[in-house]
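> Start from the sequences, fold in the hints, and give me the full structure.
Chains as they are written, first to last, in the UniProt record's numbering: chain A, 1 to 341; chain B, 1 to 341.
In short, the hints are calculated from the structure, not lab data. There's no promise every hint is true.
Identical chains share a label here; the pair holds if one copy fits it or two copies do between them.
Here are the simulated BS3-like pairs of lysine-lysine, each with C-alpha atoms no more than 25 Å apart in a straight line [unchecked claim]:
#1 K153 to K328
#2 K43 to K135
#3 K188 to K80
#4 K243 to K43
#5 K79 to K188
#6 K117 to K188
#7 K271 to K243
#8 K220 to K92
#9 K81 to K243
#10 K271 to K81
#11 K81 to K274
#12 K117 to K220
#13 K43 to K188
#14 K243 to K274
#15 K274 to K80
#16 K153 to K194
#17 K220 to K173
#18 K153 to K188
#19 K274 to K135
#20 K80 to K220
#21 K173 to K188
#22 K220 to K43
2 protein chains.
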Amino acid sequence: MRIAIDCMGGDVGLSVTVPASIRFANDYEDVDVILVGIEPLIKSAINLIDEVPSSRVHIVNADEIVTMDDPIDIALRRKKKSSMYVAVQNVKEGNADACISAGNTGAWMAISRYILKTLDGIDRPAIAAYLPTNKGGSTTMLDLGANVDCSAKNLLQFAIMGTALLQAVEYVKNPSVGLLNIGSEIIKGNEVVKEAGNILLSSPLNFYGNVEGNEIFSGKVNVVVCDGFVGNIVLKSAEGIAKMFSGAVREEFRRDYFSFFSGLVSSPVLKRLKNRLDNRRYNGASLLGLRGIVFKSHGSADIESFYFALQRAREAVMNNLLEKTIDKLSQINQLLRSFNS
Amino acid sequence: MRIAIDCMGGDVGLSVTVPASIRFANDYEDVDVILVGIEPLIKSAINLIDEVPSSRVHIVNADEIVTMDDPIDIALRRKKKSSMYVAVQNVKEGNADACISAGNTGAWMAISRYILKTLDGIDRPAIAAYLPTNKGGSTTMLDLGANVDCSAKNLLQFAIMGTALLQAVEYVKNPSVGLLNIGSEIIKGNEVVKEAGNILLSSPLNFYGNVEGNEIFSGKVNVVVCDGFVGNIVLKSAEGIAKMFSGAVREEFRRDYFSFFSGLVSSPVLKRLKNRLDNRRYNGASLLGLRGIVFKSHGSADIESFYFALQRAREAVMNNLLEKTIDKLSQINQLLRSFNS
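The structure is reproduced here in structure tokens:
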């Protein structure tokens, strides 16, 4: 299995992507990593690392870098030698089974879509990620920012892709799908969501009905579907709240000597809590609906976090996400067709 | 000062609203409470309470109840003797300075709007609430669910109302306004938000620019503006995450004997933390843009929480929210007119 990694992307770039990739290659002997980016810089980053499984670490040079602020058309049309471009091309040409970047999300999506194209029956790819639930499991939510203005039909396709993802990678037989809305009744919400609710109701998918914001984190459904505008705002709000919480915990345990002492006594509990609520474990979003396996890491990922995203990409390849998605898509679409006729 | 309280609203109703109102009347001698609802039921709820400042507690009978599931048109047209109706009518007729309900939000908004009408220059009222920030202060966010489909002009009006609210009640001289979006650049977002960004940029308001989901909780701006669909989902997501966090803290401190012991040692810290993150303190949303002061409590509010919402209503009356809002609105609209001409 070969995974192409855009080493130049992310807020930090090489000093995160390279150590994470090498550690990943060390831990998983079934994986070759293809490090894409400015070769001499990648080489010096590798030189800082002690143990390198050299036979499974490949470097592919790419001279240009897509920055976090690059408009999509610049990234797409003016930077055809970027590490993003080259990483996706490696998938297109069959040199890699999956690719991943922590860079500019809009550019990464646009380049992946331009090079790989969408699957049959999918108008627009979507970004899907796992969010933690208070049952300890996770909810898969999409779209998280690829599509700001969505039609009801787009939302149906997101539901199909989310269903296929869970069936393929998580082995959930008949994933339940919730439509993110502001009330449980099907008459609630804006025009697009109301229409999507009706379409989903009459589809062969396991449609639970509407779910509200709090239910994303309750584990009530396997898949939550929404447009990319709402999805992105919810995702970032969740990050903001998590930060506020952990900040408050830190502050209160440092308020005075007694608090500090009780923090020491409680340190095993606090460590468990930190691990449990560590959002790095949820890093690694899938770009679904493309003719290739593409992953996106959070831009601010650290080594640990980028490593988690790499693991997710490996799982997707191991479980034949692409083939299974195509399979499930054609099954569901067949059902949809027989249902509609 | 007289506050009319819909005693029948909320998930629990009388056993929350009545004790909270009586405690509120006991604590604030400048307040008369008008308890609206089914009189014998209110009386028996009062009889369970020891200290009642009877001269400042008034009961106004209302035979009908708007349920949480009542469609808006039923609440508006078929239940004209409901406690909601009568509470708002008390404001309309000058018997009360403000009114509050913990009931069906859509119905409460519709009835308030129908009876009181909107202020000059406001097409649609909005729901505004305070959200905590990691600086310890709060951000005012609107709309939180009154308007699912919004135009750019609606968003501008929300910005004006939020500005007026903060100037009136919080004495912030020139509140900064952020537009909730999926990126900081003004070209980001859906069509409505892009247009709203341009309008706000050329307005005399203190427009900060776009803010992303995480920035709601960072205290970067005083007011965050969004449509009611997104606002409601963010608000409920925040509740869901808060619940997940507090659940995880509780579970980890009860995992085994040692954890339980360290929880005992840390109990003063954990208590402070609980108080600090207690979302009951943020209960009490304003229905802005109406010709009267109307508040909304969370449906699941307990006595403590409903009491907080009552305090907020009192502050609004004390600070002449309505007069000041009308004043600020005419000032801002004058500026807008001179700006546009």
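> Does each hint fit the structure? Answer for all of them.
Against the structure, the hints come out as follows:
{"no.": "1", "hint": "K153 to K328", "verdict": "within (18 Å within a copy, 44 Å between copies)"}
{"no.": "2", "hint": "K43 to K135", "verdict": "neither (44 Å within a copy, 42 Å between copies)"}
{"no.": "3", "hint": "K188 to K80", "verdict": "between (45 Å within a copy, 23 Å between copies)"}
{"no.": "4", "hint": "K243 to K43", "verdict": "neither (35 Å within a copy, 46 Å between copies)"}
{"no.": "5", "hint": "K79 to K188", "verdict": "between (44 Å within a copy, 21 Å between copies)"}
{"no.": "6", "hint": "K117 to K188", "verdict": "between (35 Å within a copy, 24 Å between copies)"}
{"no.": "7", "hint": "K271 to K243", "verdict": "both (16 Å within a copy, 19 Å between copies)"}
{"no.": "8", "hint": "K220 to K92", "verdict": "neither (37 Å within a copy, 43 Å between copies)"}
{"no.": "9", "hint": "K81 to K243", "verdict": "neither (37 Å within a copy, 47 Å between copies)"}
{"no.": "10", "hint": "K271 to K81", "verdict": "neither (44 Å within a copy, 56 Å between copies)"}
{"no.": "11", "hint": "K81 to K274", "verdict": "neither (41 Å within a copy, 53 Å between copies)"}
{"no.": "12", "hint": "K117 to K220", "verdict": "neither (33 Å within a copy, 39 Å between copies)"}
{"no.": "13", "hint": "K43 to K188", "verdict": "neither (56 Å within a copy, 37 Å between copies)"}
{"no.": "14", "hint": "K243 to K274", "verdict": "both (12 Å within a copy, 16 Å between copies)"}
{"no.": "15", "hint": "K274 to K80", "verdict": "neither (41 Å within a copy, 53 Å between copies)"}
{"no.": "16", "hint": "K153 to K194", "verdict": "both (12 Å within a copy, 23 Å between copies)"}
{"no.": "17", "hint": "K220 to K173", "verdict": "within (16 Å within a copy, 44 Å between copies)"}
{"no.": "18", "hint": "K153 to K188", "verdict": "both (18 Å within a copy, 23 Å between copies)"}
{"no.": "19", "hint": "K274 to K135", "verdict": "both (17 Å within a copy, 21 Å between copies)"}
{"no.": "20", "hint": "K80 to K220", "verdict": "neither (44 Å within a copy, 37 Å between copies)"}
{"no.": "21", "hint": "K173 to K188", "verdict": "neither (29 Å within a copy, 38 Å between copies)"}
{"no.": "22", "hint": "K220 to K43", "verdict": "neither (47 Å within a copy, 40 Å between copies)"}
Against the hints set out earlier in the document, violations occur for numbers 2, 4, 8, 9, 10, 11, 12, 13, 15, 20, 21 and 22.
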